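> We have chain E already, so just place chain R on it with the hints.
Number of protein chains: 2
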Amino acid sequence: MLSSPPQVSRTNSDWKRIIRDFEQVLGRRNVIQRKEELLTYECDGLTSYRVRPKLVLLPRDTEEVAETVKLCDRYQLPWVARGAGTGLSGGALPVENGVLISTAFMRNILDIDLENQQVVVQPAVINNWVTEAVSGSGFYYAPDPSSQIICSIGGNVAENSGGVHCFKYGVTTNHVLGLKLVLPDGSIVDVGGEVPEMPGYDLTGLFVGSEGTLGIATEIRLRIIKQAEAIQVLLADFTSIEAAGAAVSDIVSSGIIPAGMEMMDNFSINAVEDVVASNCYPRDAVAILLVEVDGLEVEVAENAKRIAEICRQNGARQIETATDPEERLKLWKGRKSAFAAVGKIKPDYYVQDGVIPRTQLPYVLGEIEKLSKSYGYPVANVFHAGDGNLHPLLLYDNSIPGALETVEKLGGEILKICVQVGGSISGEHGIGADKLCYMEQMFTPVDLETMQWVRSVFNPQGLANPGKLFPTPKSCGEAAQLKSQLAQENPNVDLF
Amino acid sequence: MLSSPPQVSRTNSDWKRIIRDFEQVLGRRNVIQRKEELLTYECDGLTSYRVRPKLVLLPRDTEEVAETVKLCDRYQLPWVARGAGTGLSGGALPVENGVLISTAFMRNILDIDLENQQVVVQPAVINNWVTEAVSGSGFYYAPDPSSQIICSIGGNVAENSGGVHCFKYGVTTNHVLGLKLVLPDGSIVDVGGEVPEMPGYDLTGLFVGSEGTLGIATEIRLRIIKQAEAIQVLLADFTSIEAAGAAVSDIVSSGIIPAGMEMMDNFSINAVEDVVASNCYPRDAVAILLVEVDGLEVEVAENAKRIAEICRQNGARQIETATDPEERLKLWKGRKSAFAAVGKIKPDYYVQDGVIPRTQLPYVLGEIEKLSKSYGYPVANVFHAGDGNLHPLLLYDNSIPGALETVEKLGGEILKICVQVGGSISGEHGIGADKLCYMEQMFTPVDLETMQWVRSVFNPQGLANPGKLFPTPKSCGEAAQLKSQLAQENPNVDLF
Chain E
1 MLSSPPQVSR
11 TNSDWKRIIR
21 DFEQVLGRRN
31 VIQRKEELLT
41 YECDGLTSYR
51 VRPKLVLLPR
61 DTEEVAETVK
71 LCDRYQLPWV
81 ARGAGTGLSG
91 GALPVENGVL
101 ISTAFMRNIL
111 DIDLENQQVV
121 VQPAVINNWV
131 TEAVSGSGFY
141 YAPDPSSQII
151 CSIGGNVAEN
161 SGGVHCFKYG
171 VTTNHVLGLK
181 LVLPDGSIVD
191 VGGEVPEMPG
201 YDLTGLFVGS
211 EGTLGIATEI
221 RLRIIKQAEA
231 IQVLLADFTS
241 IEAAGAAVSD
251 IVSSGIIPAG
261 MEMMDNFSIN
271 AVEDVVASNC
281 YPRDAVAILL
291 VEVDGLEVEV
301 AENAKRIAEI
311 CRQNGARQIE
321 TATDPEERLK
331 LWKGRKSAFA
341 AVGKIKPDYY
351 VQDGVIPRTQ
361 LPYVLGEIEK
371 LSKSYGYPVA
381 NVFHAGDGNL
391 HPLLLYDNSI
401 PGALETVEKL
411 GGEILKICVQ
421 VGGSISGEHG
431 IGADKLCYME
441 QMFTPVDLET
451 MQWVRSVFNP
461 QGLANPGKLF
471 PTPKSCGEAA
481 QLKSQLAQEN
491 PNVDLF
Chain R
1 MLSSPPQVSR
11 TNSDWKRIIR
21 DFEQVLGRRN
31 VIQRKEELLT
41 YECDGLTSYR
51 VRPKLVLLPR
61 DTEEVAETVK
71 LCDRYQLPWV
81 ARGAGTGLSG
91 GALPVENGVL
101 ISTAFMRNIL
111 DIDLENQQVV
121 VQPAVINNWV
131 TEAVSGSGFY
141 YAPDPSSQII
151 CSIGGNVAEN
161 SGGVHCFKYG
171 VTTNHVLGLK
181 LVLPDGSIVD
191 VGGEVPEMPG
201 YDLTGLFVGS
211 EGTLGIATEI
221 RLRIIKQAEA
231 IQVLLADFTS
241 IEAAGAAVSD
251 IVSSGIIPAG
261 MEMMDNFSIN
271 AVEDVVASNC
281 YPRDAVAILL
291 VEVDGLEVEV
301 AENAKRIAEI
311 CRQNGARQIE
321 TATDPEERLK
331 LWKGRKSAFA
341 AVGKIKPDYY
351 VQDGVIPRTQ
361 LPYVLGEIEK
371 LSKSYGYPVA
381 NVFHAGDGNL
391 HPLLLYDNSI
401 PGALETVEKL
411 GGEILKICVQ
421 VGGSISGEHG
431 IGADKLCYME
441 QMFTPVDLET
451 MQWVRSVFNP
461 QGLANPGKLF
471 PTPKSCGEAA
481 QLKSQLAQEN
491 PNVDLF
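Residue numbers (the UniProt record's numbering), protein chains in the order written: chain E, 1 to 496; chain R, 1 to 496.
Isolated chain E, as found in the complex (with noise of 0.2 Å):
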């Protein structure tokens, strides 16, 4: 039921008209064909694939994205589209004879409603324009991907991404009210509002995170919220793994929600000391976990003194605070610096995201550490341990031959545990092109094919963005070929 892209032979002639009725729509400056600008385009931020789209077209408004995919459509061609490209699970891939649709021209912000408290923007508008435009005003956008000073709103509602203060706030999801969108056919349809109770299908959420796979979202309604009065960070260090989990859900469980509740390992905690030498964490620390509360003064003041009693009950070591920015930005340099200091460690590492129900902390990351043995490659880990979302970033060295492969395959070990723990393969980097083989772990063929189902709706040729996020019999075993084809030939590429 999942519509391959129809495979067109064309000739040189055929593109040219193809290429003339670009022009036409967007003029000759926004249709790129040219060979060297197009290698910027082959991949995102999940560098290890790669594909050279025919053409790269750049869209101005609602109008003319509506007339790019229509020509699509009219020709079937495959199309993607991309935001910053920032994205880590190869989502804005191009297609091989498709074309690459960016939004980079739409980075407008086109009402700010502050009464209303929302904010509509075009979809290359980066993350944090939007807190930018709204601060002055007290007001800002919560969703906080690790990338939010370069990557685009489009993207994250493609890929519903999250933050490290989405525990409290919640993803992408719940900020989106409302989407104009054009779908693979070309037709413009407005989806969610100003009020959030629409009635009908929630069309907006299901959009949300689809990975642009059902069309383009050319604006974006969003929800501002407004700026806590105090923020404070509390930094415990602890001597287990188990200790700091059990704090985690002593926290959770007392009914605190903190704005934000990171965990780092010794290993990480290590490599922070060697490369930042900060002196910002204890380097015999089994774990530390970082604690960030906001709120009014007096509400941040109780809670963090309520955080800090349930730390030292299960055996923190130290507890250290800090209220004021410069203190608080301290405390999270190390965290903040964590990936950069562990990817010193070794040539290479690869990131992992997946999603574990927080009570599971604790035996998950035994395993992990069982698995990095058994493999012999280390595997740092360093995550938001609020919502369980695992970040174990798996260190090895490219130049030599089958390490990539080895630390992938322990990499799938790991979201296999946390599929059977009842979590799940991708917390907010998305499916992408990297985790279609490991969607069938966790849905079963009807759940699939429900969503599939869905799919077929609004892209029923299979145009926009085939290959993404759902398994098709051959794409794990192609992927494979491809990414291995791809370190052969280009062995001094960093593939992660």
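Rather than coming from a laboratory, the hints here were simulated on the basis of the structure.
Quantities reported herein were computed from a predicted structural model and do not represent experimental measurements.
Where hints are given, some of them may not hold.
Stated by the list, open to error - DSSO-like, lysine-lysine: derived pairs with alpha carbons at most 27 Å apart:
(1) R:LYS370 to E:LYS305
(2) R:LYS416 to R:LYS346
(3) E:LYS226 to R:LYS226
(4) R:LYS333 to R:LYS305
(5) E:LYS168 to R:LYS16
(6) R:LYS168 to E:LYS305
(7) R:LYS344 to R:LYS370
(8) R:LYS373 to R:LYS346
(9) E:LYS226 to R:LYS370
(10) E:LYS226 to E:LYS333
(11) R:LYS344 to E:LYS226
(12) R:LYS333 to R:LYS346
(13) E:LYS35 to E:LYS70
(14) E:LYS305 to R:LYS305
(15) E:LYS54 to E:LYS35
(16) E:LYS168 to E:LYS336
(17) E:LYS16 to E:LYS54
(18) R:LYS373 to R:LYS416
(19) R:LYS54 to R:LYS35
(20) R:LYS168 to R:LYS333
(21) E:LYS226 to E:LYS346
(22) E:LYS305 to E:LYS344
(23) R:LYS330 to R:LYS226
(24) E:LYS168 to R:LYS373
(25) E:LYS168 to E:LYS305
(26) E:LYS168 to R:LYS416
(27) E:LYS305 to E:LYS330
Just chain R, lined up with the frame of chain E:
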């Protein structure tokens, strides 16, 4: 594209065979066919529409639901699922010559997982039972429709029910983690799961609020949350609607998120005072605001102080506060009995349900007053001010010919205004059979078509709850006809 259920004419012996097949699946006692027993199922909370089903079927678990639905599919029988039947938009109105699938015997709480804060229930579990099951451990289920002691979770899921506390805590969709579904072809599908972030399309969100048109939820995984440490209620009275509306806006834009924020106008206040005679609210207030804040003791005290200040700045004459449960109940008493009180002024009332952006409150209430005068029917306003969810109560006397029709027209005009200011034709009661005609005011043909394509994926033959949610070319005329026919046939029945 919206399939109407096939019109199959069946002989008595056809029905005998159908009944025998259902009895084989469900047992004889669980296939109701006697007219006097079927009476109960002719309508839900919207008593002005009545249709007698051919049969009522009472499956006891997912498998029996699946077998039941498969038989409906085989015999091309249109079917309607029904929970507790308290819905106010006729979502559970049966279909002529169709069957009603009642979930009444599926009322078990299947799992309580306090550590991961979730509960799995069957669809006929009453909303309030969930809280009762976990309150001993300090948890509760947040969505609280005013019918919460009699309405079922399955119905809440179908209608995406709200309640007084939804401004802070969200509506049903924000509290459903996963569903086991029986689709109209009888297949069983699991959507969502134990962790909130799942890859693929958000079919859980799609299903919640789909008003029985996509299938039946047979198991529902709900999020439970921790009870707040403290609660305080404030009552502020105002001499103008504008002032009360401005106070609402100022409270929200100050960053405070009250657990509930309700407004009542002078008409409702006096109705309450006349009937409940409680000295609850000042009779000369043009509007009162009831604001509930919850959280930590210190937080509640601070927020209550700020809310009182904001109300005073906006001209509130008097502010009462209550913290202990008994006093809080006293302040809430008038609000909770408002519908009943208003109902005593005239023999009949019609509750409208619409949503507007909060900032439009004063304008819309002014327009409602003008309409009320020009139609000559009193309108009482009692509503969720925080989320702009209006519940105008239109008073009339059904024994006066034409009164019902006029009041319905007035109700429709109010909805038009809601849509004009960027709002919605339903906040929490749903579209059902009652508001089909207004869908076209809110959505473009393409928007509606897109939703109906989605419907056609799950419900290709139109057997699941036909004639609900989406207008058909004929439906508006038919509904009006049916209603006026019923009014003539049942002059003494309370049609609202």
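> Now tell me, hint by hint, if it's right for this structure.
Hints, one by one, checked against the model:
no. : hint                 : in the structure
1   : R:LYS370 to E:LYS305 : violated (54 Å)
2   : R:LYS416 to R:LYS346 : holds (25 Å)
3   : E:LYS226 to R:LYS226 : holds (23 Å)
4   : R:LYS333 to R:LYS305 : holds (23 Å)
5   : E:LYS168 to R:LYS16  : violated (56 Å)
6   : R:LYS168 to E:LYS305 : holds (25 Å)
7   : R:LYS344 to R:LYS370 : holds (23 Å)
8   : R:LYS373 to R:LYS346 : holds (16 Å)
9   : E:LYS226 to R:LYS370 : violated (35 Å)
10  : E:LYS226 to E:LYS333 : holds (25 Å)
11  : R:LYS344 to E:LYS226 : violated (43 Å)
12  : R:LYS333 to R:LYS346 : holds (21 Å)
13  : E:LYS35 to E:LYS70   : holds (25 Å)
14  : E:LYS305 to R:LYS305 : holds (23 Å)
15  : E:LYS54 to E:LYS35   : holds (9 Å)
16  : E:LYS168 to E:LYS336 : holds (19 Å)
17  : E:LYS16 to E:LYS54   : holds (12 Å)
18  : R:LYS373 to R:LYS416 : holds (17 Å)
19  : R:LYS54 to R:LYS35   : holds (9 Å)
20  : R:LYS168 to R:LYS333 : holds (21 Å)
21  : E:LYS226 to E:LYS346 : violated (42 Å)
22  : E:LYS305 to E:LYS344 : violated (37 Å)
23  : R:LYS330 to R:LYS226 : holds (24 Å)
24  : E:LYS168 to R:LYS373 : violated (46 Å)
25  : E:LYS168 to E:LYS305 : holds (19 Å)
26  : E:LYS168 to R:LYS416 : violated (36 Å)
27  : E:LYS305 to E:LYS330 : holds (20 Å)
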